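Chains as they are written, first to last, in my numbering: chain E, 28 to 197; chain F, 4 to 259.
Bear in mind the hints are in silico, worked out from the structure with no lab data behind them.
All figures in this text were calculated on a predicted structure; none of them were measured in a lab.
Accuracy of the hints is not assured; some may be wrong.
[What the hints assert, rightly or not] Listed below are several chain F residues computed to face chain E (Cβ distance under 7 Å; list not exhaustive):
(1) L80
(2) F83
(3) A162
(4) V163
(5) A166
(6) M191
(7) V195
(8) V241
[Stated by the list, open to error] Here are the in silico distance ranges between beta carbons for each label pair:
(9) E:D102 / F:F179: 26 to 34 Å
(10) F:G84 / E:A182: 35 to 43 Å
(11) E:L40 / F:D183: 54 to 62 Å
(12) F:F179 / E:A182: 51 to 59 Å
(13) E:T111 / F:F18: 50 to 58 Å
(14) E:D155 / F:G84: 40 to 48 Å
(15) F:A34 / E:M46: 25 to 33 Å
(16) F:I257 / E:R179: 47 to 55 Å
(17) E:G145 / F:I257: 43 to 51 Å
(18) F:I257 / E:D155: 38 to 46 Å
(19) F:V33 / E:T111: 36 to 44 Å
[Unchecked claim] Part of the chain F face toward chain E, derived, beta carbon under 8 Å:
(20) L58
(21) V59
(22) I165
(23) E196
(24) F197
(25) L204
(26) A244
Virtual Cβ for every residue (Gly too), placed ideally from N, Cα, C.
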Amino acid sequence: MRKSRTIDISTGLFVLLGMTAILFLVTQITNREFALRTDSYRLQAQFGNVGGLKAGAPVSMAGVTIGRVESIGYDMDLFKAVVTLRIDKRYDEIPNDSDAGILTAGLLGGQYVGITPGGSEETFKDGDRVEFVQDAIVLENLISKYLFNQAREQATGGEVAATQKGELQP
Amino acid sequence: MKALVGDLASSLMEFLERLGAMTRFAGAVVAQSPAALLRPRLVVEQVYNTGALSLVIIMTCGLFVGMVLGLQGYELLQRFGSEESLGVGAALSLLKELGPVVTALLFAGRAGTALASELGLMRATDQLSAMEVMAVDPMRRVVVPRFLGGVISMPLLTAVFIAVALYGVQLVGVQFLGVDQGQFWSQMRGAVEFEDVREGLVKGFTFGVACSLIAVFEGYNAQPTAEGVGRATTRTVVISAVVTLVLDYILTAIML
Numbered sequence: 028m029r030k031s032r033t034i035d036i037s038t039g040l041f042v043l044l045g046m047t048a049i050l051f052l053v054t055q056i057t058n059r060e061f062a063l064r065t066d067s068y069r070l071q072a073q074f075g076n077v078g079g080l081k082a083g084a085p086v087s088m089a090g091v092t093i094g095r096v097e098s099i100g101y102d103m104d105l106f107k108a109v110v111t112l113r114i115d116k117r118y119d120e121i122p123n124d125s126d127a128g129i130l131t132a133g134l135l136g137g138q139y140v141g142i143t144p145g146g147s148e149e150t151f152k153d154g155d156r157v158e159f160v161q162d163a164i165v166l167e168n169l170i171s172k173y174l175f176n177q178a179r180e181q182a183t184g185g186e187v188a189a190t191q192k193g194e195l196q197p
Numbered sequence: 004m005k006a007l008v009g010d011l012a013s014s015l016m017e018f019l020e021r022l023g024a025m026t027r028f029a030g031a032v033v034a035q036s037p038a039a040l041l042r043p044r045l046v047v048e049q050v051y052n053t054g055a056l057s058l059v060i061i062m063t064c065g066l067f068v069g070m071v072l073g074l075q076g077y078e079l080l081q082r083f084g085s086e087e088s089l090g091v092g093a094a095l096s097l098l099k100e101l102g103p104v105v106t107a108l109l110f111a112g113r114a115g116t117a118l119a120s121e122l123g124l125m126r127a128t129d130q131l132s133a134m135e136v137m138a139v140d141p142m143r144r145v146v147v148p149r150f151l152g153g154v155i156s157m158p159l160l161t162a163v164f165i166a167v168a169l170y171g172v173q174l175v176g177v178q179f180l181g182v183d184q185g186q187f188w189s190q191m192r193g194a195v196e197f198e199d200v201r202e203g204l205v206k207g208f209t210f211g212v213a214c215s216l217i218a219v220f221e222g223y224n225a226q227p228t229a230e231g232v233g234r235a236t237t238r239t240v241v242i243s244a245v246v247t248l249v250l251d252y253i254l255t256a257i258m259l
């Protein structure tokens with residue numbers, strides 16, 4: 028009887044340790060938030076380009092996370108990406124002319140949706156669409172635009188030789 | 004030449020025979036499992052045998068695997084000036100691959116061999132036949148509780164392994180090598196998804212089923228001699244290791 032009790036106790040300890048480890052892995056090293064059904068409302072926004080935005084990315088205002096990206100779909104009629112945002116009910120007084128932009132955290136960080144408040148008296152309601160949006164910035168487009176501008180400046184400035192050779196010197 | 008072909012054919016037949024026998028055995032074990040759960044006493048004893056007794060080796064190995072990962076990861080990431088990503092890299096590689104696989108290999112070495120040699124010895128000393136004579140089904144009384152004990156223990160051991168290994172990474176990376184603690188944890192939290200944790204636990208569970216099944220099968224069907232018991236133990240480790248790695252590839256391909 029004594030022996031079976033020590034076996035029980037060590038088994039219990041082992042199972043407890045295992046469960047604690049699972050709990051630690053789930054809550055401490057993932058970004059999952061275990062709020063049991065927090066009240067929230069949904070907003071939609073249409074973007075021409077979402078870049079690397081993913082479902083689950085944070086939605087923030089002035090750097091404070093106020094919600095998450097619930098889903099990203101593609102509208103075949105508009106040829107635009109439709110992003111559904113789930114915003115915490117606590118932040119229900121966002122002016123309805125606020126604008127949403129897809130921004131990047133740091134130089135190479137993950138992308139998130141940033142909301143800049145507008146000046147309207149009316150506030151967003153569940154299911155509303157965000158009218159003013161700013162697409163994700165695609166680095167390649169930015170670079171090619173810069174290079175084209177450089178090339179044009181040089182061409183109009185008379186330094187044709189450089190552009191002919193394809194060498195772009197600022 | 005002819006002899007070679009004959010050898011090959013006969014070893015292929017033997018492989019197929021064992022595979023078939025193991026499948027039948029697996030079916031019998033699974034069919035008996037609900038009945039065995041009604042007598043939790045026996046299962047708890049086996050969770051103790053396979054799980055609680057493996058805990059020390061799992062934690063020691065986890066700590067050192069984590070510490071090595073910390074050193075190597077730091078060394079590599081430092082070249083790109085992104086030591087802060089050490090947490091992300093270590094956590095993902097531990098959760099997805101290293102944790103479940105190394106735990107399964109250790110489990111096969113520590114608990115699998117114990118199960119196989121115990122059952123083999125029971126076979127060799129006619130204890131299993133004696134049970135049958137007494138109208139006690141050795142499958143239900145001996146084999147299934149051991150199998151279930153292993154299946155319950157493996158995911159828990161995997162989780163413990165990963166948690167301890169992460170502590171090891173943190174110990175080397177943050178305490179010894181000076182990676183910023185806040186960056187280490189916050190980047191890890193930003194990049195690791197719940198699905199990654201689930202993948203690790205699913206793998207741990209699957210490897211647990213495979214390794215436990217192989218161990219009890221080899222032990223139960225061991226030749227009733229001293230040599231047979233030894234061979235059953237060896238086969239348990241070898242087959243478990245190969246099956247674990249093959250299953251790991253298949254599971255990764257499915258879940259990626």
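A quick look at each hint next to the structure:
1. For F:L80, the interface hint is violated, the least distance from its beta-carbon to any beta-carbon of chain E being 14 Å, above 7 Å.
2. Taken as an interface hint, F:F83 does not check out: its beta carbon lies about 11 Å from the nearest beta carbon of chain E, beyond 7 Å.
3. At a threshold of 7 Å, the smallest CB-CB gap from F:A162 to chain E is about 4 Å, leaving the interface hint in force.
4. Restraint check, F:V163 versus chain E: the minimum CB separation of about 5 Å is within 7 Å; hint holds.
5. A distance limit of 7 Å between C-beta atoms decides the matter here; for F:A166 the minimum to chain E is near 4 Å, and the interface restraint holds.
6. Given the 7 Å rule on beta carbons, the hint for F:M191 holds: about 5 Å separates it from the nearest Cβ of chain E.
7. Satisfaction of the interface hint for F:V195 is found here, the shortest Cβ-Cβ separation to chain E being roughly 5 Å, below the 7 Å cut-off.
8. Restraint check, F:V241 versus chain E: the minimum CB separation of about 27 Å is more than 7 Å; hint violated.
9. The beta-carbon spacing between E:D102 and F:F179, approximately 52 Å, falls outside the hinted interval of 26 to 34 Å.
10. Roughly 38 Å separates the CB atoms of F:G84 and E:A182, a value that falls within the hinted 35 to 43 Å.
11. Restraint check, E:L40 to F:D183: a C-beta distance of roughly 35 Å breaks the suggested window 54 to 62 Å.
12. Between F:F179 and E:A182 the C-beta distance comes to about 57 Å, which sits within the given range of 51 to 59 Å.
13. In this structure the hint that E:T111 and F:F18 lie 50 to 58 Å apart at CB holds, the actual value being about 53 Å.
14. For E:D155 and F:G84, the Cβ-Cβ distance of about 44 Å falls inside the hinted range of 40 to 48 Å, so the restraint holds.
15. A hinted range of 25 to 33 Å holds for the C-beta pair F:A34 and E:M46, which are about 29 Å apart.
16. Checked against the given bound of 47 to 55 Å, the beta carbons of F:I257 and E:R179, roughly 52 Å apart, stay inside it.
17. Roughly 47 Å separates the CB atoms of E:G145 and F:I257, a value that falls within the hinted 43 to 51 Å.
18. A hinted range of 38 to 46 Å for the beta carbons of F:I257 and E:D155 is consistent with their spacing of about 40 Å.
19. Checked against the hint of 36 to 44 Å, the C-beta distance between F:V33 and E:T111 comes to roughly 43 Å, which is consistent with it.
20. Using the Cβ-Cβ criterion of 8 Å, the hint placing F:L58 at the interface with chain E is satisfied: the shortest such distance is roughly 6 Å.
21. With a cut of 8 Å, the hint placing F:V59 at the interface with chain E is violated, because the nearest CB-to-CB distance is about 11 Å.
22. Using the Cβ-Cβ criterion of 8 Å, the hint placing F:I165 at the interface with chain E is satisfied: the shortest such distance is roughly 6 Å.
23. A distance limit of 8 Å between C-beta atoms decides the matter here; for F:E196 the minimum to chain E is near 6 Å, and the interface restraint holds.
24. The interface hint given for F:F197 holds, since its Cβ lies 5 Å from the closest Cβ of chain E, which is under the 8 Å cut-off.
25. Nearest Cβ of chain E to the Cβ of F:L204: about 7 Å, under the 8 Å cut. The hint holds.
26. Look at F:A244: its Cβ only gets to about 23 Å from chain E, farther than 8 Å, so that hint breaks.
The structure is inconsistent with the numbered hints 1, 2, 8, 9, 11, 21 and 26, although it conforms to all the rest.
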